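Chemist: Between the sequences and the hints, there should be enough to build the whole structure, so can you do that?
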Amino acid sequence: EAGVAQSPRYKIIEKRQSVAFWCNPISGHATLYWYQQILGQGPKLLIQFQNNGVVDDSQLPKDRFSAERLKGVDSTLKIQPAKLEDSAVYLCASILGYGLPSGANVLTFGAGSRLTVL
Amino acid sequence: GQNIDQPTEMTATEGAIVQINCTYQTSGFNGLFWYQQHAGEAPTFLSYNVLDGLEEKGRFSSFLSRSKGYSYLLLKELQMKDSASYLCAPRSGGYQKVTFGTGTKLQVIP
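Chains A and Z, in that order, are what the protein sequence lines are. Residues 958 to 1075 (my numbering) are what the first sequence spells out, left to right. Residues 773 to 882 (my numbering) are what the second sequence spells out, left to right.
Accuracy of the hints is not assured; some may be wrong.
Per label pair, the in silico range of CB-to-CB distance [as the list claims (entries may be wrong)]:
| no. | chain 1 | residue 1 | chain 2 | residue 2 | range |
| --- | --- | --- | --- | --- | --- |
| 1 | A | 997 | Z | 816 | 45 to 51 Å |
| 2 | Z | 825 | A | 979 | 39 to 45 Å |
| 3 | A | 965 | Z | 777 | 31 to 37 Å |
| 4 | Z | 824 | A | 1028 | 37 to 43 Å |
| 5 | A | 1016 | Z | 828 | 46 to 52 Å |
| 6 | Z | 816 | A | 969 | 24 to 30 Å |
| 7 | A | 975 | Z | 826 | 47 to 53 Å |
| 8 | A | 964 | Z | 881 | 35 to 41 Å |
| 9 | Z | 842 | A | 979 | 26 to 32 Å |
Please keep in mind that the hints were generated in silico from the structure rather than gathered at the bench. Computed from a prediction, not measured in an experiment: that's the story for all the values here. Don't be surprised by glycine CBs; every beta carbon is placed ideally from N, CA and C.
Modeler: Listed below in structure tokens is the structure:
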């Protein structure tokens, strides 16, 4: 099966500009996650979708970050305006669903989108 | 809330055994992942524990004690390619929230 697709792989912008990242999860995966990973740290959960509904966005800086998953398939994460501290890799991941045997519930990551804010 | 603690860095010798510990405090806990992440790459799945005990998969084993909020990843017969960060990630809640620790950077030396 195809993996999690993300684009762009790299993006360089100046502070106060805007940027958008796209993610297409593995086909049939109901749950989609966006993580932010700053260099030297573990991934930090920004937002989690179950189909097209948000189930957790407690750590999303909502004054500048937004995300949507309109048809329950692919998703877009936007930052507007960007700050220097937003420089990070943005990782998208997906999982089949809940209430399933453990083997079906592995979180699979895309390659990530590396953002540099100057 | 969630609190995950693992050592920041470890160094081990090629061919040796290393144990990476992880303690966590997670409400609604229902399983724990270990992921490997090489520099500049995305995390890749290593193991998953939902019940207490040891899960073995080739050179890698993972242990879980739910009552103690404790897990470890055991890597045997270390190879140079095992130099990477190892991420402990408990899963919680009905919607499978997965929270990652800061990661343990393992350096394997000759």
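Chemist: Each hint: holds or not?
Modeler: Okay, the hints, checked on the actual structure:
no.	hint	verdict
1	A:997 to Z:816: 45 to 51 Å	violated (19 Å)
2	Z:825 to A:979: 39 to 45 Å	holds (41 Å)
3	A:965 to Z:777: 31 to 37 Å	holds (35 Å)
4	Z:824 to A:1028: 37 to 43 Å	holds (40 Å)
5	A:1016 to Z:828: 46 to 52 Å	violated (34 Å)
6	Z:816 to A:969: 24 to 30 Å	holds (27 Å)
7	A:975 to Z:826: 47 to 53 Å	holds (48 Å)
8	A:964 to Z:881: 35 to 41 Å	holds (37 Å)
9	Z:842 to A:979: 26 to 32 Å	violated (39 Å)
In this structure, the hints that do not hold are numbers 1, 5 and 9, in rising order.
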